[in-house]
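Assembly of the complex is requested from the two constituent chains, each provided in isolation within its own frame, with the hints serving as guidance.
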Amino acid sequence: MDLLTTPLHDLHLELGAKMVPFAGYDMPVQYPAGIIREHQHTREQAGLFDVSHMGQVLVRGADAAAALERLVPADLEGLGEHRQTYTLFTNETGGVLDDLIVTRWSDDCFFLVVNAACKAQDIAHLQAGLTGCEVEVLAERALLALQGPGARAVMAELCPAAAELVFLQGCHTRIGDSEVYITCSGYTGEDGFEISAANADAEAIARRLLACDAVEPIGLGARDSLRLEAGLCLYGHELNTEITPVEAGLTWAIAKCRRPDGARAGGFPGADAIFAHLATPPAHRRVGLAVDGKRPVREGQAVLNADGERIGEVCSAAFGASFGGPIAMAYIEREFGGIGTALSVDVRGKAVAVTVTKMPFVPQRYFRG
Amino acid sequence: MSQTPSELRYAKSHEWARLEEDGTVTVGITDHAQHALGDVVFVELPEVGSTLAAGDEAGVVESVKAASDIYSPVGGEVLAINEKLEDEPETVNADPYSDGWFFKLQPSDTSELEELLGAEDYQAACDEDD
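Protein chains in written order, with the UniProt record's numbering: chain E, 1 to 369; chain G, 1 to 130.
Treat the hints with care, as some may be off.
With a straight-line cut-off of 20 Å between C-alpha atoms, the simulated EDC-like cross-links for lysine to aspartate or glutamate are [to be verified]:
id: 1; chain 1: E; residue 1: 294; chain 2: G; residue 2: 47
id: 2; chain 1: E; residue 1: 294; chain 2: G; residue 2: 87
id: 3; chain 1: G; residue 1: 104; chain 2: G; residue 2: 7
id: 4; chain 1: E; residue 1: 294; chain 2: E; residue 2: 224
id: 5; chain 1: E; residue 1: 350; chain 2: G; residue 2: 47
id: 6; chain 1: G; residue 1: 65; chain 2: E; residue 2: 299
id: 7; chain 1: E; residue 1: 294; chain 2: G; residue 2: 88
id: 8; chain 1: E; residue 1: 294; chain 2: G; residue 2: 83
id: 9; chain 1: G; residue 1: 104; chain 2: G; residue 2: 129
id: 10; chain 1: E; residue 1: 18; chain 2: E; residue 2: 203
id: 11; chain 1: G; residue 1: 65; chain 2: E; residue 2: 346
id: 12; chain 1: G; residue 1: 65; chain 2: G; residue 2: 121
id: 13; chain 1: E; residue 1: 18; chain 2: G; residue 2: 22
id: 14; chain 1: E; residue 1: 294; chain 2: G; residue 2: 127
id: 15; chain 1: E; residue 1: 18; chain 2: G; residue 2: 129
id: 16; chain 1: E; residue 1: 358; chain 2: E; residue 2: 333
id: 17; chain 1: G; residue 1: 12; chain 2: G; residue 2: 57
id: 18; chain 1: E; residue 1: 256; chain 2: E; residue 2: 26
id: 19; chain 1: E; residue 1: 256; chain 2: E; residue 2: 77
id: 20; chain 1: G; residue 1: 12; chain 2: G; residue 2: 83
id: 21; chain 1: E; residue 1: 294; chain 2: G; residue 2: 90
id: 22; chain 1: G; residue 1: 65; chain 2: E; residue 2: 224
id: 23; chain 1: E; residue 1: 18; chain 2: G; residue 2: 90
id: 24; chain 1: E; residue 1: 358; chain 2: E; residue 2: 335
id: 25; chain 1: G; residue 1: 12; chain 2: G; residue 2: 121
id: 26; chain 1: G; residue 1: 104; chain 2: G; residue 2: 121
id: 27; chain 1: G; residue 1: 65; chain 2: E; residue 2: 26
id: 28; chain 1: E; residue 1: 358; chain 2: E; residue 2: 224
Negatives, chain E to chain G, calculated, CB over 12 Å [what the hints assert, rightly or not]:
id: 29; residue: 15
id: 30; residue: 58
id: 31; residue: 61
id: 32; residue: 166
id: 33; residue: 187
id: 34; residue: 284
id: 35; residue: 319
id: 36; residue: 341
Please keep in mind that the hints were generated in silico from the structure rather than gathered at the bench. Ideal Cβ placement from N, Cα and C applies to all residues, glycine included.
Here chain G stands alone, though its shape is the one from the complex (with noise of 0.2 Å):
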């Protein structure tokens, strides 16, 4: 049964977002996603300093089965990424909501993140899914 934290907000496409207290968002894809994606063996991420509107394309995930790519799920300005994933990719599947993060940014509008959705409606898509 794959976790899905109450505190996140969820995009359809499987990533989550979470709102720090110094104002950044953390980004990252779902304990749904890695399962379903199997062993992560390579994360492509944007680049520091790019800017992402919602939706955008933000990188790809390489599981051992195959390609997805990954999109912003708010707008802003990449302020960091996990430069971790590039040696242990495995990360994203032992740890998808903490050490596993995709990238940070600092969002051009944090009103995007009403838009996703709550846990429990993202838990409902997924199980809709299955």
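Okay, chain E solo, but in the shape it has when bound (with noise of 0.2 Å):
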């Protein structure tokens, strides 16, 4: 099958790009510099991720905020104009179908970004979901994220309005003669902001930021990277049909009136079984692993308590160049999810010794005005 290319494809490759398969797409996942050199730079200055393999949808109409309640725990008829949430499509067995941020744009319009590989069905779900709604897939559009410390002087010089923006708040505006719309958001645990642009306009736009002396391209290696030492989940990892978000440690992402004493209970799918969850811890959780030393795990591998017995899998594994050494996240038995556990990993036969760290593993940095 031909991989899809985004707006920036050229754009990679004269940066010198090594180019992957990632979600039907042909995409970076790094540059010359190196994903340990590109995930510091993120965390000192800022870094330009390209993300439009990732789904634009707008959801439209009257009733959109009570037909997307129907879908996701969030509360949207509450979501403030231009504000984000983070949420979940969930399936009606309280497992996940895919993360996503809503956005409202209007009263009766919300803007979503979900996931690469799961774009065709949640749009699917979404037009089977929701009557009365229209559903319109921004195909055209390209997603750049701008991450890092540095970030927000550079839209200052270059987008004074979104330079305004805290944290999950967004805005319509002009980068030169291109109209966008920016969100203060991101994957990386630091301040940032998330550009939506016309495809034919990305790749100035893009330009005019990497000629920002702090501003360096970043592939999907470093993405990773960050994101785990974020705590962030990734679908398909963290996440996925088998696992409800209270395993996940996403509980929070239960809006208080979606939740069983709330004004709006329930209504989304799964909701009994989520609500089983928190009404009785699950077996399994979600916990941070930081290796003692610095000999990585990896995705997949078994987990051990002292006694040599299998008590869980890694989930998701990267070397934290901000944290310092080798950390992964991993599902495990509840009683062994203490932080300050002492753990082992099953590195084709070695058990190297880690230890269940709080996460995020470094500070987030959200700017929250």
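Encoded structure:
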């Protein structure tokens, strides 16, 4: 099957990116600087990510908030204009179909950003589940992320309106002559922005950003290690159709008003199963693991207790370049999940010592005003 | 573009071997290999004093992306390992043919070096992979 490309594909090649197939797209996994250096640069200055492979969707309709609330456990009725919330498409058993960010553009219009690998399924799910709403796929729009402590100063130069945004807020504005929608959000734990722009304008915007001294291009490799350090879930690793938000440690993403004692309790797929987990903690939970020493652990490897018994499995692993060593997330039996618990991971027959560690592994630096 | 020094011998599994003046053989991984692996974060080396046959597993190199076994290009007794790699595994990326060496052997049969690839053939094999 031919890989799809984003509007920045030629630019990635020009910048010397190593390209890999990802969710059906030919995407940059790293640039010549390498994953560790790109990771550090994002935490120190600002990194530019091409996330145009992600799905951008508009949902319009007089009852759009109520209709969307039938698919996700968020408080969308109460979401302010140009405010965002992280939420989940749940299934009938309380598992997760995808995680997404919803932004309210107006009373009757919501802007959704969904995962690349899930977007076809998400769009079908929206079209089937949202009677009376119009579902518009923004296939002609690219998405760029600018992340890091230097991102705000860069935006102040290029787009002063965006530099006023606080975490999980957005605005329609312009960069040069290009119409854009910018939100203060991201996937690194840093202050930063996501810029939705027409495909035709994306490369010019990317070049303007890269022309700033603080900004370097960052590939998917560092995107993964940055999000892992920030303690953020990746669909297909920490989240899938078999894991409830409670097991995933995402109870905070179930809005107060949608919980059993809330004003609009339930009403989303799998509410009963999720409420059962809220009432009685499930057997497994997601934890962070810091490796003692330098030998990396890998996704899929077994987590063992002090007696060498299998108690879970690594779901993501990376080199935490800012944390200072290999890190991982795992699903393990709840009783072993206390911070500081000494466990090990079976790395091809070698027991590598790990410690259950508080997440995020590095402090989040979101700008809340 | 990867560097492939002409004075070294190469295994298809991307190790290089250098016959030193004192008759020992130094082993490392190639520039092509370190480039393909990406940032190296951990190297497991054989034990000093152990004996390896040509093609034996001699350790593991772990990058940010994956773990790869390393194989001894020739047989012999391990005389020394590069202890610097324990604290500074990134040396493998920065300098694969000198400071980033892996281990040193007393070869049991130097004719095994002849069975390895010369620089041109190794480079050709890499170009085919790309």
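Hint-by-hint comparison with the structure:
Straight-line distance between C-alpha atoms of residue 294(E) and residue 47(G) comes to about 18 Å, which keeps the hinted pair within the 20 Å bound. Between residue 294(E) and residue 87(G) the alpha-carbon distance is near 9 Å, which keeps this suggested pair within the 20 Å criterion. Restraint check for residue 104(G) and residue 7(G): satisfied, since their Cα atoms lie roughly 17 Å apart, inside the 20 Å limit. A hinted pair counts as satisfied when its Cα atoms are at most 20 Å apart, and residue 294(E) with residue 224(E) qualifies at roughly 19 Å.
Taken as a hint, the residue 350(E) and residue 47(G) pair is honoured in the structure, with Cα atoms around 16 Å apart against an allowance of 20 Å. Taken as a hint, the residue 65(G) and residue 299(E) pair is honoured in the structure, with Cα atoms around 11 Å apart against an allowance of 20 Å. The hinted pair formed by residue 294(E) and residue 88(G) meets the criterion: a straight-line CA distance of about 10 Å does not exceed 20 Å. A distance of roughly 14 Å separates the Cα atoms of residue 294(E) and residue 83(G); the hinted pair therefore holds under the 20 Å criterion.
In summary, the hint linking residue 104(G) to residue 129(G) is not supported, as the alpha carbons are separated by about 28 Å, beyond the 20 Å threshold. About 18 Å separates the Cα atoms of residue 18(E) and residue 203(E), which keeps this hinted pair within 20 Å; it holds. With a CA separation close to 18 Å, the supplied pair residue 65(G) and residue 346(E) stays within the 20 Å bound. As the CA atoms of residue 65(G) and residue 121(G) are separated by approximately 27 Å, the hinted pair breaks the 20 Å bound.
Restraint check for residue 18(E) and residue 22(G): the C-alpha separation of about 41 Å exceeds 20 Å, so the hint is violated. Under the criterion of a C-alpha separation no larger than 20 Å, the hint pairing residue 294(E) with residue 127(G) is inconsistent with the structure, at around 32 Å. This hinted pair checks out: residue 18(E) and residue 129(G) have alpha carbons roughly 15 Å apart, not beyond 20 Å. About 16 Å separates the Cα atoms of residue 358(E) and residue 333(E), which keeps this hinted pair within 20 Å; it holds.
Annotation: proposed proximity of residue 12(G) to residue 57(G) holds, straight-line Cα distance about 14 Å (limit 20 Å). At roughly 40 Å between alpha-carbon atoms, residue 256(E) and residue 26(E) are farther apart than 20 Å, so this suggested pair is violated. Only pairs whose Cα atoms come within 20 Å are accepted, and residue 256(E) paired with residue 77(E) is accepted, the gap being roughly 13 Å. Note on residue 12(G) and residue 83(G): the hinted pairing is violated, with a Cα-Cα distance of about 25 Å set against a maximum of 20 Å.
Distance check on the hinted pair: residue 294(E) and residue 90(G) sit about 12 Å apart at the alpha-carbon level, within 20 Å; holds. At roughly 11 Å between alpha-carbon atoms, residue 65(G) and residue 224(E) fall within 20 Å of each other, so this suggested pair holds. Pair hint residue 18(E) plus residue 90(G) holds up; C-alpha atoms about 19 Å apart against a cutoff of 20 Å. About 15 Å separates the Cα atoms of residue 358(E) and residue 335(E), which keeps this hinted pair within 20 Å; it holds.
Restraint check for residue 12(G) and residue 121(G): satisfied, since their Cα atoms lie roughly 10 Å apart, inside the 20 Å limit. Distance check on the hinted pair: residue 104(G) and residue 121(G) sit about 24 Å apart at the alpha-carbon level, beyond 20 Å; violated. Distance check on the hinted pair: residue 65(G) and residue 26(E) sit about 18 Å apart at the alpha-carbon level, within 20 Å; holds. The straight-line distance between the Cα atoms of residue 358(E) and residue 224(E) is roughly 18 Å, inside the 20 Å bound, and the hint therefore holds.
No Cβ of chain G approaches the Cβ of residue 15(E) within 12 Å, the least distance being about 16 Å, so the stated non-interface status holds. At roughly 36 Å, the least C-beta separation between residue 58(E) and chain G is larger than 12 Å, which holds for a residue marked as non-interface. A cut-off of 12 Å between C-beta atoms confirms that residue 61(E) is not in contact with chain G; the least separation is 44 Å. A cut-off of 12 Å between C-beta atoms confirms that residue 166(E) is not in contact with chain G; the least separation is 33 Å.
At the 12 Å boundary, the C-beta of residue 187(E) stays outside the reach of chain G, the nearest C-beta of that chain being 18 Å off. Its beta-carbon lying about 26 Å from the closest one in chain G, residue 284(E) satisfies the requirement of being farther than 12 Å from that chain. Residue 319(E), annotated as away from the interface, has a beta carbon of chain G within 12 Å; the closest lies near 5 Å. For residue 341(E), the condition that its CB be more than 12 Å from all CB atoms of chain G holds, with the nearest at approximately 23 Å.
Comparing the model with each earlier hint shows violations of hints 9, 12, 13, 14, 18, 20, 26 and 35; every other hint is respected.
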